[in-house]
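Protein sequence lines, in the order shown, are assigned to chains W, B and A. The first sequence runs -14 to 129 under this note's numbering. The second sequence runs 289 to 501 under this note's numbering. The third sequence runs 25 to 174 under this note's numbering.
Worth flagging that the hints you see were computed from the coordinates, not collected in a lab. Possibly wrong hints are sitting among the right ones.
Think about it this way: if two alpha-carbon atoms lie no more than 25 Å apart in a straight line, the pair counts; the simulated DMTMM-like pairs of lysine to aspartate or glutamate are [unchecked claim]:
1) Lys142/A to Asp302/B
2) Lys59/A to Asp10/W
3) Lys(-12)/W to Asp112/W
4) Lys115/W to Glu415/B
5) Lys59/A to Glu42/W
6) Lys59/A to Asp60/W
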Amino acid sequence: MKKNLYFEDVEIGDDIGPIKRSVTDEDVIEFVSVRETEITPSRFTSNEVANSEGMPEAIVPGPMNIALMSQILTDWSDTVCLLKIDVVFRQTVPHNTDLTFSGIVTDKDETGNSTKLECDVVMENSDAVKLVIGTGVIALPNKP
Amino acid sequence: MLLDLHTHSVASDDSRATVEQYIKWVNVLRRKGKPIDGFVLTEHRQFDHDVDYTSLASDDGIVILKGAELDTDTGHFLVYGISEQITENLNFSDVNMSAQNLVDICDTYGGIAIPAHPGRAGIGFAEYLDSGVTGFETVKSVEQLNGSNRPGEGEKAESLIKAKGYLGTGGSDAHIVSAIGICMTSFDKEIKNESDLVQELRHGRFTAVRLES
Amino acid sequence: MTTDEGIVYDRSLLGVETHIGTFELTREMILGFAKSTGETNPRYLGDDNGAGDVVAPPTICNVFVSGVSRPDIKLEFGEIGFFAGQSIECKAEIRPGDVLSASTKLDNVYAKTGRSGKMVFAVWETQFRNQDDVTVALVTESFVRRNKNR
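Produce the complete structure using the sequences and hints provided.
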């Protein structure tokens, strides 16, 4: 994680990441367990249930995907304040798959009225297929 | 002249890019030495005759044109040169509209309809032709390069083009800002408006190009 | 978007706000959510022992997405549903012990086609407020129904 990134340090076109990670079966169970004390088999936790619903294998829950997407920005620097994250799920995300998370700065408030930036965020699989795309709005502090 | 013939703004339900942001990004691409002269907004299942990007476009020396991407019974089509007669004769929001009728209406009223991402599963022209759909004698071009294709979809488009002798256009199918310009269409002549675009597409004076990353 | 002609659902729900739940956010939920999503920022994890001041990660409201009783729009289409997209606008920090109240309204229903065939989307606007009646998050959620892949 970059520490102490300031608004003045960033330009439109700056890359964020990439970060490579995968979501394991255990991660998904842990995520689902936050709310459910007893895990019932679902498309998220069971390959059999996923198969019955027309999917080849269990998938990562959408709410978990958006959390991972938001981390593209919040992990960029301790100074990032995430104001908004907005994603479209274009394809289901399987467990235990190599995923690449990346972002790029696409807009910067140059009016002087705020220290907001807008970024594209993308989750891709190893075939460079974009599974989740979106945008994030963040604020960075001014340099002291 | 290089134009991205397939982009979506926030007017499309699944895009997160504003036109203003696309303009800023085109300038970023240009500063990086990547040529791009403009783009066509091909919003899903709609067309707004009233929205006017002329002043935005001229401020930055970027050509911004309007089209649409429509859902049909034979896959998705990109439509350019959309006149009021075309929107009066078609229900753009009908996801099952007759593609043959779409092509015929465009041919009649000065527009042009080109199969989008023809190699794509479920909504690609190639699959429908493979299943026995006939007609479409006036279709001469398809979208050869699409920046959002998945593995195999580009290859299927190329096979179709080779088999039918189609010409090919290029477009990014951008739904986020940074995707614009990934694939484009190179035109021999200058294009200033939708009429010019339709004319050049009909005359076949273009090739599909992919921007080097 | 397309018009909703031909899509059969309960149109009387469009724009109608409904309270869908009240949720207490515990420290354990915050730490569990943060840990399960691989958070590394100490703001969300506390110190090495999980102690100390923590705030909830920005997408914490999603802990309450499943199991929420949204009104049934009685959509007559599709064999299976998926979460299609979401936007979360963070309006205020969420802390352990906060009690969040959620209300939602149906914003739009529309059809489109894609690689999976015909799909119908239902879009909901949801607001989370805390015990002090402060809006902490504005969430737009899109759910899609389609037929199963064969």
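Here is how each hint holds up against the structure:
1. Lys142/A to Asp302/B: Within the cut-off at roughly 15 Å; holds.
2. Lys59/A to Asp10/W: Between Lys59/A and Asp10/W the Cα gap is close to 14 Å, so the pair holds against 25 Å.
3. Lys(-12)/W to Asp112/W: violated (31 Å)
4. Lys115/W to Glu415/B: holds (22 Å)
5. Lys59/A to Glu42/W: The hint holds at about 24 Å.
6. Lys59/A to Asp60/W: Distance ~14 Å between Lys59/A and Asp60/W Cα, so the pair holds.
Hint 3 from the list above is the single one not met by this structure.
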